[in-house]
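Trainee: One-letter residues, chain by chain:
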Amino acid sequence: MTLQELTRPWTAFNYGFLDESAKREIRRRMLKAIAIPGYQVPYASREVPIARGWGTGGLQVTLTLLKPDTVVKVIDQGSDDSVNASSIRKFVSRVGGAAETSDTSEATIIQSRHRIPEEKLREDQVLVLQVPNPEPLRPVEPDMSVAREMHGDADYGQLWLILYEQLVKSGRIMQGSSYPSMVNGRHVMTPSPIPRWDVPKLNQAEHLTILSAGREKRIFAVPPYTSVEPLVFDDVPYRVEDHQDKTCYRSNVSGFFMNELPQEDGSSRYELSDSHFGIKHIQRAEGGSVEIAETYYNNGRME
Amino acid sequence: MAYVATRGGERAIEQAERLFRDDLGVIDRARVDALRNGLPYLIDRVMGEASLYEPDLAALALAQAGGDLYEAVLLLRAYRTTQPRLAVAEPVTQPDLFTMRRISAAFKDIPGGQILGPTLDYSHRLLQVGVLSGRDYRPDAVEPAAVPAPATQPSLAAWQKAQALIPDHPVEAVAPDDIPDVTREPLLFPASRAHKLQSLARADTGGALALGYATMRGYGSVHPTVNELRLAEAPVRLRHPRGTIFSAGRVRVSQTEVISKATTGLELGFSATFGWNEVKVIAAATLDLASNQPNPHPASNEEFVLYHTEPVESSGFCIHFKLPHYVTFQSSLDALRRVKADRKATTTAPKMERQPKKEEAVL
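Just so you know, the protein sequences line up as chains A and B, in that order.
Every letter in the first sequence is one number past the one before it in UniProt numbering, and letter 155, counting from 1, is 155.
Every letter in the second sequence is one number past the one before it in UniProt numbering, and letter 117, counting from 1, is 117.
For reference, chain B alone in the conformation it holds in the complex (with noise of 0.2 Å):
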């Protein structure tokens, strides 16, 4: 029937859909694991902008997107959003951290020490090509210290609070229910604290760090010095309805403070976030600094900065400029032929229309 050729598209999508599934093969728990155990950052990445820490989930999103990050973190959120909220955790504070890595630039020793830990920052970055050959790379075993680095590490920001060169921030008493959650509430300008530090938590990586670096490079009047800068595994304590509170695990956490002078003393940028994400937090933290500044650059505008490093959001929109969109093309294709029309039409020049400058004229 002669109808049958304005529909037809949807065997087509079905099969562009199947297409890409064949590529990727056979998704099996051994591939889930290997992916998970093989790239903890990139799991650490995706569980961070995902807001959902569940590392199996994270390697199976990161598997059926066949390592798109930006469609596993979708697939990861998309899941998040069905779930409940059941409880909120107690507070985390820098004391509680069992601190694998804390590095300060600001001094050269802190109290509780500079821990290294597992880190690439002073390596040298030579592919290992010998494995393609069939030699295995097996890495030098570690010689542990003879004195093992303390499992927890005092604030530096509260020795620098005590020797009055940060102003304490006001502590404000909030129920946990009511603690500000940027996932079952729209984010409103001027943004709460919680909402910024939330959106920054689970901000796109990379678009953190283009507006972090921007700010940091120029673009704004903070020059940020790494206070503090820690990957840990964060307790999670949740408290019973009786009132007791137990461990329920825990959870990869990377965190940074950032300083800088401000005109009566020195001024805390903070950012937190799931995962090991060393880059993430250090640029998040700069973008939380210079958002305090008069007069920000629109790279450290907090409204700038929070929606369009929103990967979820900004890929999606990307992305959907591939959708069809010939009815608004037709509408104004059908206004500039209008207009076309009417010069014709008009033998004068319309009245309205401006005299072309001398250059055009040329032209």
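Just chain A, with the same shape it has in the complex (with noise of 0.2 Å):
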């Protein structure tokens, strides 16, 4: 046996960018996560050539889990082809032989920032939530060493105080994204910066969700078919955003979340913010045989 024979040709990266070492690691604590949903597993995040802050917790999961015949798709604020989004995408399949796409049914890794696709997620399929703020807790208790105490005590009166206090000054609760939920009966998660519309498709969805904090080092989990509760008061209902009746107005779909485009006439346009949504009802509409599937919303309300 010859030296040679033991090692292999020099690459300038491992497959996937991180090192194996690196990759199990972030397997175990994944597989931890998804075994406590909810729970913010500590992980030693690595620095990858994106900035933190950019979605690096996102980026080394998606890295650990990627395999050549991944298909990845990669949002940032609904788009595939925004700043971060596209950079991302590049990167994954650069380093790791994934093909792209930006059709939601086609991709086997969803990689967001800020949304969850209109299209239901299938069983087969990861959605990978990048969380800048893993901490639902950070607004009453910006020490992690006594937040995380207050997770293990399950001790969330102040979380419910601060939804209390919003409804008390201005008369609804205020929060905007981040919308802090029950995952299985015990831990308060934030899922991340979503907007309330997306929160109840984590509930009991038939996808993995993985959320990771590359800078703050926490990743955590929603296993498929597991609860998800926005905290809410018992006679005051969750409610999402009001863009029930919205039509976008490049594909003329309503019943969507929008993204909201001001006019110069002091009025305001509409677009699907989910875009390659939009872009498939626009196929369809100009006669291409597109495949929409299944939406958790329809007509603006979920059943």
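Hints are computed from structural coordinates only; laboratory data are not their basis.
Every value quoted in this text rests on a predicted model; they were computed, and no experiment measured them.
Do not take every clue at face value.
Label pairs and their computed distance ranges (CB to CB) [stated by the list, open to error]:
#1 A:E206 to B:V88: 23 to 29 Å
#2 A:G157 to B:R85: 39 to 45 Å
#3 A:R24 to B:I179: 18 to 24 Å
#4 A:Q204 to B:T263: 57 to 63 Å
Heads up, the beta-carbon is just placed ideally off N, CA and C, and yes, glycines get one too.
Got two chains here, each in a separate frame; can you build the complex from them with the hints?
Mentor: Structure representation (structure tokens):
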């Protein structure tokens, strides 16, 4: 046996960029996160070639789950070609040979910042959410050591209190995004900065969701068919954004989450936030044959 | 086709990067060498914050980032993370250091002597403007001392420990592979001493200085005195699988102990980092010392300090606010508008609304 036979040819980077020991650690942390839904598992988040806070947590999970037959979709604010989404997607395909797609139903891994697609995800798909602040208790307890004890004691009284304060001060719960949600009846998590509209999509979902915060070094998960309940008072129902009746000016589709585009005359136009979902509708209207999957919402309502 | 209008960002993004790289021009070996040789303290700072000692790669990172320090540190750390940890070097103790500069502010003279070494501390900071009009600046030649300073020096703290001025820390026996490594484990609190010192070693120089300065300026209960400050080269000694120890070269290091009066005696704060960076190690040693105090000020609270002086994490998060946030903004906007609509719809004031304060009513 020669030394040559024992070594592999030199390459600039390992498959999937991260070295195998890093990937093994992240896999083990993911398994723990799945076993304790909503619990934040600390992990040794490594430096990757994008800046912290730009999706390094999501990227590490995606790189770890990567296989040569992976089809990856990356979304930022609902769009596939926004600055960060395209940069992350290109990096993943460059270091892992993954096929790129913007079609939700074609993707095996969907890494996202701020949105969950409108089309329903399936059991064979994994949603990776980039999380800037994994700690739902941060607004009431900035000290992480104390916050971890509060999670251990399921001590969430102060979270209820801030929701109640919003109600008293404004007559409504003002939490826009990152709405604190109870997972599997035990741990309150922040479902990343997804809007209120997207939180119900996680409840009893068919797909696995991994939420990863690279800078804060925490992984947590919502396994398939797990309850995710936004914290609400018995007499004040959870309300999603008022987008039921808005119509996309490009695709004429209504009843989904919209981007508002301020116009020079002081009015607003609306376009579908899930950009590829909009593209599919336009293609269909133009006579193309396009498969549009079942959606979580129908006419702005979830059944 | 109509849907094209919803796409089209990717080309602009690519051109934006090209524009940045176009400004920097061709990066060749000569530029890397010029940076490496001309800016050794900058190279040291990047290597320290990246926790990777490789002057050529640090110079390359600086060249590629056009001198943006945070970008250079990120480049180097992202490269570092792909490298396996092959071995753990033997511990370096103070008497092992090949010392170029060693001063103490605690005593007029110390065993082994004060060695000023290379420093600008006592110089007049005058710009040599003649250089710009073609008169090269040639530094005066160094006059060698009649008796060269010894290459290695004893530890001052060891002398103080022998005098029973400082309690001796119990020595923990840890197998090399079990040495905690903050690049491979998450930082958890209360942090182990190893993780704390490693985090401070790779902390942002500016961040460590800001918080260390706040602590030494009075937002804390410690009054540090520099016990011993060293700029040195540390031998990197590795253990061969057969058991023999061999040298793999030397790395430039800085190291400081600051000392402060505690209730029962003296307390030491310690910091060491790759490269020569005196400001960083003095600030970091002060932060180390201050974090042991009861009820530390936020500027010297361990969790606060270690999280917020992380250069890659803090700079990355800061610049991420440039990314679009219209989804979350839309969500907040929706809540605000609904509240306004609610108020308009209710003729009488909503039950739960608080009474306006007197001064608000006047406005």
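Trainee: Indicate, hint by hint, whether the structure satisfies it.
Mentor: Tested hints:
1. A:E206 to B:V88: 23 to 29 Å: Check failed, 46 Å falls outside 23 to 29 Å.
2. A:G157 to B:R85: 39 to 45 Å: This hint holds: roughly 44 Å between Cβ atoms.
3. A:R24 to B:I179: 18 to 24 Å: Hint holds: Cβ distance 20 Å, inside 18 to 24 Å.
4. A:Q204 to B:T263: 57 to 63 Å: The hint (57 to 63 Å, Cβ to Cβ) holds, given that Q204 of chain A and T263 of chain B are roughly 59 Å apart.
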